[in-house]
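Engineer: All chains, full assembly: derive it from the sequences and hints.
Protein chains in written order, with the numbering used here: chain A, 1 to 392; chain B, 1 to 249.
Hints listed in this document are in silico derivations from the structure and should not be mistaken for laboratory results.
Note that the structure is a prediction, hence the values are computed from the model and not measured.
Be aware that a few hints might be false.
With a cut-off of at most 30 Å between alpha-carbon atoms, the simulated DSS-like pairs for lysine-lysine come out as follows [to be verified]: (1) Lys2/A / Lys224/A; (2) Lys2/A / Lys133/B; (3) Lys142/B / Lys2/A.
In silico negatives: residues of chain B with every beta carbon more than 12 Å from chain A [as the list claims (entries may be wrong)]: (4) Glu4; (5) Phe26; (6) Leu121.
Backbone N, C-alpha and C define an ideal beta-carbon position, used for all residues, glycine too.
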Amino acid sequence: MKRALFITLNEIRLYLQDKGDLAFGLLLPVVTFALMYGAFGGHTLFEATARIVNEDRGAYSTQLIEQLDAVEGIDIEILTAADADARLERSDLLLVLYIPAGFSDELVSGGKAELIFKQRGNGGQEGQILASIIRGVAGEMNQEFQVHNQVKSNLGGTGIPEDRIDISVQKYLEEERQQPVVGVVEEVVGGSPDFINLYLPGIVTMYVLFALTINARAIVEERKRGTLERLLTTRLSVGELFFGKFMASVTRGFVQTLILLCLSYAVFQLFTPLSFLAALVICLIFAAAASALGMIIASIARSEDGAVWIAVVFTMIMVMLGGTFFQVSEGSILETIGKFSISTYANDALRTVVAEGGSLGDTVWKLVVLAGICVVGLGISRLIFKVIPGGK
Amino acid sequence: MAEEFLMVKDLHKSFNEFKAVNGVSFSIEKGEIFGLLGPNGAGKTTTIRMLSTVLEADSGDITVGGYSVKREAEAVRSIIGVCPQDIALYEDLSAIDNMVFFGRMAGLNGKDAREQAMTNLKLMGLVERAKGKVAKFSGGMKRRINLAIALMGNPLLLFLDEPTVGIDPQSRNHIYENILGLQKKGMSILYTTHYMEEADRLCNRVAIMDGGQIITLDTPYNLKSQIGSPEEVTLEDVFLKLTGRSLRD
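Structural biologist: Quick look at the structure:
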């Protein structure tokens, strides 16, 4: 077993010498993380543009637009009805607010004014948030308008001039807006965890599977440089050679995930110390399972290109079936096929720990499956190497 | 009678229908340099691969230092050293790192591996370049490292498969001297080469293979005597007479 360790150390040393592999293996997780942070972690404020068709052009529609414009993070784009309809038609826009003609007059006359949302489907995630904000602003306007009318009605006949009532009410409402009775304070405690929770497990498992691509070349590279045959004439057994290569691959895969998990811990505060350790254990077992499958490819492949292609195709299938890029619907055929993907078990286990607050105990059977794949994979790779031409 | 260190009896190996080695028998005495010559495709490398435990023979017996290659392969591997035909090194590592690594594979501990690596590098005239990356070495230097690695673990039998291919006369001469030095220390050597003058100079006995069989086996002097005066004919004349002048793939 000592010799297997030397193989592992030698493999790692060679890996560190190869700047390309090193950059791919260690820097890429950092770059991915930086992109994730830029996409999900850097901005905590919702930013969107509200498209409005103002067919009213009265005092209250103008006030509504001004109040919307004053909301932090919201920009306003005024469109004509024709333009808005055309853009909705071709799905260029998903939601537009129409302020119909007579909106202000209705309010003044004490009638019931309406705002109209035209949308495609559910208006999209951004559209839904915008609609909610617009409803809030309109509701606020509505309340202010009612307060204004009530005060005017109550003070009617007291001899107080109407314009003075208007000014006083406006002044109090303005003070209320500046210092509301019920204030809402936003406290940012980290990036947007939902996105990270959703994508982090997939990204982590994807990187481990990328390590598989490097491992798939392990035997072919030795064969190509002639060192395989040389090693086979030493006291090193084939089992030790395979185990050494396997351990090197596990180390590489694990270090990559360690970088990602550490950054996620430090920047997004996604973990508790316990869930962080649980995630590390899951990643270690997954790296072992992926490396064992990499050894199968390594024992089959006859050329470096062949090894890489088999590994890439295999990785992509595993990643797709594992639900890395999209959620696999429950009960679908894809979910059934996905049970043959090691990523499924790793993703599920990581989600349990990272997103659902579960413990390692909740992922036991998934980890048992991964460990089983690891043992069987190593056994199969050794058997294949025994029977293929040039094997031993 | 000299002690036979390697014994090969009726060795056979086929790849599908092609008989690569067909009934080869010979032995190498302790401290002997034995030349295995033959044109391309004669079966030399296949024979060496079987003797060095890489390839399993279809039939026949091989014993090295009293150990059966079939039944005691690990024991055999502990007393042999192999210098393959192609340079088999980790080019991204330094000379010393390559040597220490293969030393560890040969069963040496860290300290012994390092000491032996330095001794062998000195022997090959490369001690000053010990920490240099192999990728930056010349062809001759790589050949010498290739040979030096085969010496790690102090093997009793050395397989040298065309160790001087493609190098300059200085490096080649350096390798000759080393091989003769190793013989003096009692090491047995199986040597293959396409350079007949090299075999003539180094080998105590020579076997010429063709078509998977040994077609003659004797001392260079006796082989030359078979076709003329040993002072006038060369081993190449013998070789061409026995294997013909037709080109081989």
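Engineer: Please go over all the hints and tell whether each is borne out by the structure.
Structural biologist: Hint check:
1. Lys2/A / Lys224/A: The given pair, whose Cα atoms are some 25 Å apart, holds under the 30 Å limit.
2. Lys2/A / Lys133/B: Judged against 30 Å, a Cα distance of about 26 Å means the pair holds.
3. Lys142/B / Lys2/A: It holds: about 28 Å lies between the C-alpha atoms, which stays within 30 Å.
4. Glu4: holds, 21 Å
5. Phe26: holds, 20 Å
6. Leu121: The claim stands: Leu121/B keeps its Cβ more than 12 Å from every Cβ of chain A (closest is about 18 Å).
Every hint, counting from the list given before, is met by this structure.
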